[in-house]
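Colleague: What follows is each chain in one-letter form.
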Amino acid sequence: RKEVEQDPGPFNVPEGATVAFNCTYSNSASQSFFWYRQDCRKEPKLLMSVYSSGNEDGRFTAQLNRASQYISLLIRDSKLSDSATYLCVVNAASGTYKYIFGTGTRLKVLA
Amino acid sequence: NAGVMQNPRHLVRRRGQEARLRCSPMKGHSHVYWYRQLPEEGLKFMVYLQKENIIDESGMPKERFSAEFPKEGPSILRIQQVVRGDSAAYFCASSLTSGGAYNEQFFGPGTRLTVL
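Those sequence lines, one after another, are chains G and C. Residues 1 to 111 (this note's numbering) are what the first sequence spells out, left to right. Residues 1 to 116 (this note's numbering) are what the second sequence spells out, left to right.
Source of the hints: derived by calculation from the structure; they are not laboratory data. All values derive from a computational prediction rather than experimental measurement. Heads up, a few of these hints could be off.
Unchecked claim - Simulated pairs of lysine-lysine, BS3-like, Cα-Cα distance not exceeding 27 angstroms:
no., chain 1, residue 1, chain 2, residue 2
1, G, K2, C, K71
2, G, K98, G, K2
3, G, K2, C, K51
4, G, K98, C, K71
5, G, K79, G, K42
6, C, K62, G, K98
7, C, K62, C, K44
8, C, K62, G, K2
9, G, K45, C, K27
10, G, K108, C, K27
11, C, K71, C, K44
12, C, K44, G, K2
13, C, K51, G, K108
14, G, K108, C, K62
15, G, K108, C, K71
16, C, K71, G, K79
17, G, K2, G, K45
Claimed, not checked - Taking beta-carbon pairs under 10 angstroms as the criterion, some of the chain G residues facing chain C (in silico):
no., residue
18, K45
19, L46
20, S49
21, Y70
22, L74
23, Y97
24, G102
25, T103
26, K108
The beta-carbon is built from N, C-alpha and C at its ideal position, and this holds for glycine as well.
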């Protein structure tokens with residue numbers, strides 16, 4: 001089983017749609033959780049940290065379910081500029097600094 | 001406020017040559033990480049360094065790869081005697097802390113290494 005698993009997609013959605021991505025992780029001791037976005041051939045950019053109580057940043061909402069070991073990202077009112085690959089990131093058991101990346105979920109927002 | 005800087009952005013080497021990749025962390029950050037991304041794969045942790053110290057190199061191949069972060073100057077990832085399988089994007093990240101609050105890692109634009 002992969003340490004961080006994501007549905008690779010692609011998710012093709014119309015502008016204005018709401019879309020949700022899930023990610024599962026295998027290490028129950030993980031403490032840090034993040035969503036990054038990566039545009040084609042560019043570096044990952046931090047979208048948001050994920051907190052136990054869930055958190056929201058504008059159109060983006062992240063939630064953490066420790067019991068089931070999954071993380072979700074909800075994007076409301078999708079924009080064309082949201083088209084990217086969304087990376088789920090969890091810290092490794094051996095160190096909070098060691099990020100384990102999922103392979104990403106591709107989102108394409110269509111006009 | 002400059003972000004993480006990496007150079008060169010693109011590097012072409014022939015098999016057997018050496019590749020040197022440089023990374024300057026964000027201002028005020030003393031924690032540096034190197035990751036490798038193979039085509040169509042996720043980023044894989046290679047090494048974590050603080051100034052003058054290698055903290056964790058568990059993700060770095062034992063042979064041909066080395067990393068340093070001197071007191072002055074950028075962090076360097078060095079690959080000796082490159083092989084075609086080394087072709088990848090190498091990303092550097094930096095953070096203010098390594099755990100607890102403010103441990104988010106910010107990434108540089110990457111160096112795309114192509115081995116001919």
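Colleague: Which hints, by number, does the structure contradict?
Modeller: Of the numbered hints, 1, 3, 10, 13, 14, 15, 16, 21, 22, 26 do not hold.
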